[in-house]
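Undergrad: Single-letter residue listing:
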Amino acid sequence: MKTLVFLLEKEFRQLLRNRQLLRTLLLAPLIQLILLPLAADYSVKNINIAVTDNDHSPSSQRLIAKITASGYFRLTGYTASYPAALKMVEQDKADLALQIPAHFERDLVRENTKQLYIAINAIEGTKANLGGAYLRSIIGDFNDDLRVQWNMMTETGQGNAISASAGQDDPPQVSVASSNWYNPFLNFHLYMVPAILVTLVTAIAAMQSAFNIVQEKESGTIEQINVSPIKKHIFIIGKMIPFLALGILLFTMGLLVGRLLYGIVPVGSLLVLYVSLVVYLFAMLGLGLLLATYSNTQMQAMSLSFFFINIFNMMSGVFTSIDSMPGWAQAIVFTFPPSHFIKIMRTVVLKGSGFSDIMPELWAMAAIGVFLNTWAVLNYRKTA
Amino acid sequence: MNWPETRNVKETNMRQLFTFIRKEFLQVLRDRKTLLMLFGLPIAQIVLFGFALSNEIKDSRIALVDYSKDAITTRLIGKIEASHYFDIRRSLAGAEQLNAAFKRGDIRMAVIFPQNFGDDLIHTGKATLQVIADASDPNQATTITNYLESIVTDYNAELAKDAQQSLQIQPEVQMLYNPELRGAPNFVPGVMALVLMLVCTMMTSVAIVREKELGTMEILLVSPFKPIYIIIAKLAPNLLISIVNLFIILVLSDVFLDLPVKGSVFLLVGCSILFILTCLSIGLLLSINAKTQQAAMMGSLMGMMLPTMLLTGFLFPIENMPVALQVLANLVPSRWYFIIIKQVMMKGLGFASVWKETLILAGMCTLLFTISLRNFKIRLQ
Chain A
1 MKTLVFLLEK EFRQLLRNRQ LLRTLLLAPL IQLILLPLAA DYSVKNINIA
51 VTDNDHSPSS QRLIAKITAS GYFRLTGYTA SYPAALKMVE QDKADLALQI
101 PAHFERDLVR ENTKQLYIAI NAIEGTKANL GGAYLRSIIG DFNDDLRVQW
151 NMMTETGQGN AISASAGQDD PPQVSVASSN WYNPFLNFHL YMVPAILVTL
201 VTAIAAMQSA FNIVQEKESG TIEQINVSPI KKHIFIIGKM IPFLALGILL
251 FTMGLLVGRL LYGIVPVGSL LVLYVSLVVY LFAMLGLGLL LATYSNTQMQ
301 AMSLSFFFIN IFNMMSGVFT SIDSMPGWAQ AIVFTFPPSH FIKIMRTVVL
351 KGSGFSDIMP ELWAMAAIGV FLNTWAVLNY RKTA
Chain B
1 MNWPETRNVK ETNMRQLFTF IRKEFLQVLR DRKTLLMLFG LPIAQIVLFG
51 FALSNEIKDS RIALVDYSKD AITTRLIGKI EASHYFDIRR SLAGAEQLNA
101 AFKRGDIRMA VIFPQNFGDD LIHTGKATLQ VIADASDPNQ ATTITNYLES
151 IVTDYNAELA KDAQQSLQIQ PEVQMLYNPE LRGAPNFVPG VMALVLMLVC
201 TMMTSVAIVR EKELGTMEIL LVSPFKPIYI IIAKLAPNLL ISIVNLFIIL
251 VLSDVFLDLP VKGSVFLLVG CSILFILTCL SIGLLLSINA KTQQAAMMGS
301 LMGMMLPTML LTGFLFPIEN MPVALQVLAN LVPSRWYFII IKQVMMKGLG
351 FASVWKETLI LAGMCTLLFT ISLRNFKIRL Q
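Those protein sequence lines, which keep their order, are chains A and B. Under my numbering, the first residue of the first sequence is numbered 1, with each subsequent residue one higher. Under my numbering, the first residue of the second sequence is numbered 1, with each subsequent residue one higher.
The following block holds chain B by itself, in its conformation from the complex (with noise of 0.2 Å):
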């Protein structure tokens, strides 16, 4: 009998394994254009997003009605003109025609100065002016009123300079962190977040339902081959494309929206990783669940997609949130991350701030892998 030695079948296991991760490697490398999508799209949503996406509200459109068309209203209208928060497009004769031009969505708000505005203020010291606001956007109505009523408090402070106004409490506001209230700071962690999360989820969605749908996995199955090493071997050279991504969007981010990480790279990249398998192993269990390649992608994207946008914490205040909504976003891992990098990235805080979500993640991680461990089949149906 020629059977191997026990020492020997550790060796020969490993060999397996390698052999297959080589294949696998292969299969990757062969599929020039997915490789071309896998680094190239979120290279170019980074760079977008990076560049475009802004909270800011500026350059709004509204229209001015001038009812008075005296020294103070002109002089208030170039205040309003002046300020970079508005774009005047145009100056209605009349107020009926600005449900049309709401309604065409041509201007966001409206500032009506009444007939005799200014010969009120000098007369009887008081005049109002009117401002409507489309609200079907309610922060940014609230925003632009918000600026709008700023521009008349500067002005009434000017007015009253000359009346010597007593006991004047000035603010003096610092913006930490983004002085210049960009976009990037915010959206680039959540952006990261959302391309990793989804990029490494959908990789492996597809890469054993593809070899149950071709058939291949009959071979596999009926091999000497452990289950283990199938799931590992499928996931390396997704970890790889993932761990590769993960370097071009930090040096992007560098070199051209000039956010380098402030914190400890070392400590980044390590959460980084352990992110990524978190969301392989999450990958490997839909596709283990899956009949079809189309049911695995779809559960990936619609399942994944949105709510890892919403509930990440990027585009919405997760604290605003129901209560039964942020037990929900407490289970999505890009949420943990994104505290992670903001942390790190933007803040530069050290491990002694990020080990609660450290924590979680690697938890997160491990439970999901293990029950993916569970629930594949070594039988076909």
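Next comes chain A alone, as it looks inside the complex (with noise of 0.2 Å):
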């Protein structure tokens, strides 16, 4: 036990001393908590709209109206020709293209029918989802208006002769009425900015760790204690201590950067959030431990951990979902701890979930922990 005080004080020296490497391990999550969230904005509005009308028509300048009144989209180009249209998808310029064919008002009204064309740039999948989606329901809500007027039009004017085959008794209709729960702005900020937490603690802790193991591998100093009576596991969790405690103090910043910038308030407990987090965190710390013993140098380290945190990253959750993943993907998701904090950090955030709920997160994380750490420790040798 007293040896652990001793190595504790010597981790925390060299871990205080290095001024350079803490300002840098506390400020930039820290300016990247503050600023990342604003850039992670995928609520979407802004969508760039070519519009090729053809017909020249009342009902087609009310459709170019109410879309652009719409607040989804917005009018770049108003083209003559439907080529000229797609051309501005080609360059950007715009994310999808509507054509308004000749005598479209003329036909809808003779044949009863009549098409539109809609081309989107589906490079991009949510935009080209939501951007398609929110454009039909427009052109539906504007089909419904033409037919409200169409019918008060024919009545009025022709009497109740035509009305009737016009449509009179309305057919029956089933209506959506929908809500949105636990997040009734669909404000963006509430879900990133955990998730986002979760990726800067995640980044501290599984490489510092390496790294500091691998720094007294290369300067040599890890003969030394390996020659000392020193355990195995008091060395390694002399190690673990330190960053332990720096992603608490990482995580407590980020939790009051969030309160006081973005106003997020977690819903759940703290003591649920702070409870997976020291799960998490030995869980990732053992990951850290794991690479350090498999690697020489610092460079290696790097490359290694580099490796795993961009597809934590990238495949957690963050910004993409993990449902439409394929299932040999998931299984492998499952493996990774981010994913199971990621999920604990938005319920327990946004929905105010406790233990009973993220039980099986909770587990997981654990498990892989034990798994992780037991690994580093058979591998680590304390001959050189």
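Treat the hints as calculated values from the structure; they're not laboratory data. Hints are supplied without guarantee of correctness; some may be wrong.
Unchecked claim - Pairs of lysine-lysine, DSS-like flavour, derived with a Cα cap of 27 Å:
(1) B/Lys291 with A/Lys10
(2) A/Lys217 with B/Lys291
(3) B/Lys212 with A/Lys217
Relying on the hints, combine the two individually framed chains into one complex.
TA: Written as structure tokens, this is what we have:
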């Protein structure tokens, strides 16, 4: 026990002495947490649309006005021909192109049906999905308005004889009343800030512990520890505790920033969050340790931890939904501690989930943590 | 006196440079573990991300609560079940259990049919079904609510067929460039930019600091070796590794992800090399200013990774960001490179459509390299 205290004293001194590193460790994540949620805004607005109106009828004008008034679309081009609109899509000046064909209004009245042509740049999936859905629902609304107007016109203008055929008795209709729980204003920050905080803690915890040990290897000081009677697990615990403390400090600062800057107050209890954080850090420090036992130079430790962190960031559901991944990928993601912690963060912060709700994730992280740490301790040889 | 003649000075310098480059290559090649990582890791990432990531939202878990249980709700439920957007996880007995199910994250959305749903529809011509979405993820909530609404609209159209619906506008939608809405066409260019940027920056950021840390920098500085040669020699192996990486990525995306280079390969490679050089210059700048390897790595990772990820534009649209961030995004080289890859590789456009981006990258590269050259200290503190 006494050995551990001395080791900890050494570790903390080394950590606190290196001001440049400490600054990077604490300030860089904070600045990122302040700036990045502003960038991570995927509320779909400002979809650029290029319109080709070959009809020039009152109806087509009204449709265009309705689209621009919706707030989702920005009319960036009003072209004379459809190919010109498609060209704008090609040059990324528009995300989608809409063509209102010639005689749109006339044919609609005469033949009771008429096509509109929409082309969407589908390289960016979300924008294509949502943009298409919004445009279709606006056209649907427009269609309803048109019908009502037409019925009124025919009724007042030409008497009841025609209106009967134009649909006086409306067909039965199912309508949808939708409500959004937990985030009624669809505030994207509420969703992103907790996850970004996790990615920042991840980078610090997993990497720094790996670097720290490899640094001792590179500078040769690990030999001195190896020849001393310090036990393996004491040495490892001594390495872990400072970074555990650092992670908790960083997490706390992050929660404060979220609260002060983005007004995010966790609905759930802080106890649940911190218990999960400790379990999570345990797992991630285990990973850092494991990476350290496999690398001889800081360069190697860096490439390895970079690899894992990048994969964690991209695949743990921060940016894209895990549900839409193929089954094999979901199975891989299940073994990533961040995917569980991000889920916990989001449900606890937004929905106020308690221990009973997040038990599966907590157990999964604990199991991964035990596995990684055991592997690391077994793989760590005191002989060089 | 046996000084070398002036005309030979240049030749000697070149020989020195080549010797030094050779030394750097040997050092890189000797470290097999690092080398394996430098090649293996980007490849694994491209393949993994290319296959796994997708912005498409499908198989969302939803719960159904049917208080009515009549022919019409059964018909509607059948339609919902038939769509691949939804994965009906459970039929809850009552709405009281919803909150618990949401909190556990079991479901993303709940669809509730109130009592007498079918009767209402038949007798009053109107019925309302209730949809509750878990909006903690706003986009997913919006998208799946839209999906459900479109299923209901289809159903309404079926109902209306008997009643002879008038004035039907039919939007015909065409998905350009990526008709199946795969994730890869968006993510591969993004990941290419990300991986090249990070690998180049990091490898280089360590290069000069390592010599400082090991003390070998002193030896280099007291030698009659020009500082610029040290820099060139340090960059050469990294440049080569990155170019090899680039080719591997291009071949992989063609073979495995079915994403061939649609435009000119020559143009793409040329722009890529320009981008790689820009990233190497950033690494160089970091390396010159950092005191320890650890600080250099942290700078390149913490400072570069998330900003690159977010400000490149492949995850979040840049035009949605506050103006200050849009300006900041303009300073991120990968942002311009991402546009170039999308235009040349995915859409098959020529130089005319990317000259502006290329020019910006060239400008950044020159500027960064000049600054690092200026900052390179030939004396130790």
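Undergrad: Could you run down the list of hints and mark each one as holding or not?
TA: Structure-based check of each hint:
Straight-line distance between C-alpha atoms of B/Lys291 and A/Lys10 comes to about 21 Å, which keeps the hinted pair within the 27 Å bound. With a C-alpha separation of about 19 Å, the suggested pairing of A/Lys217 with B/Lys291 holds against the 27 Å cut-off. Among the hinted pairs, B/Lys212 with A/Lys217 is consistent with the structure: their alpha-carbon atoms are about 18 Å apart, no more than 27 Å.
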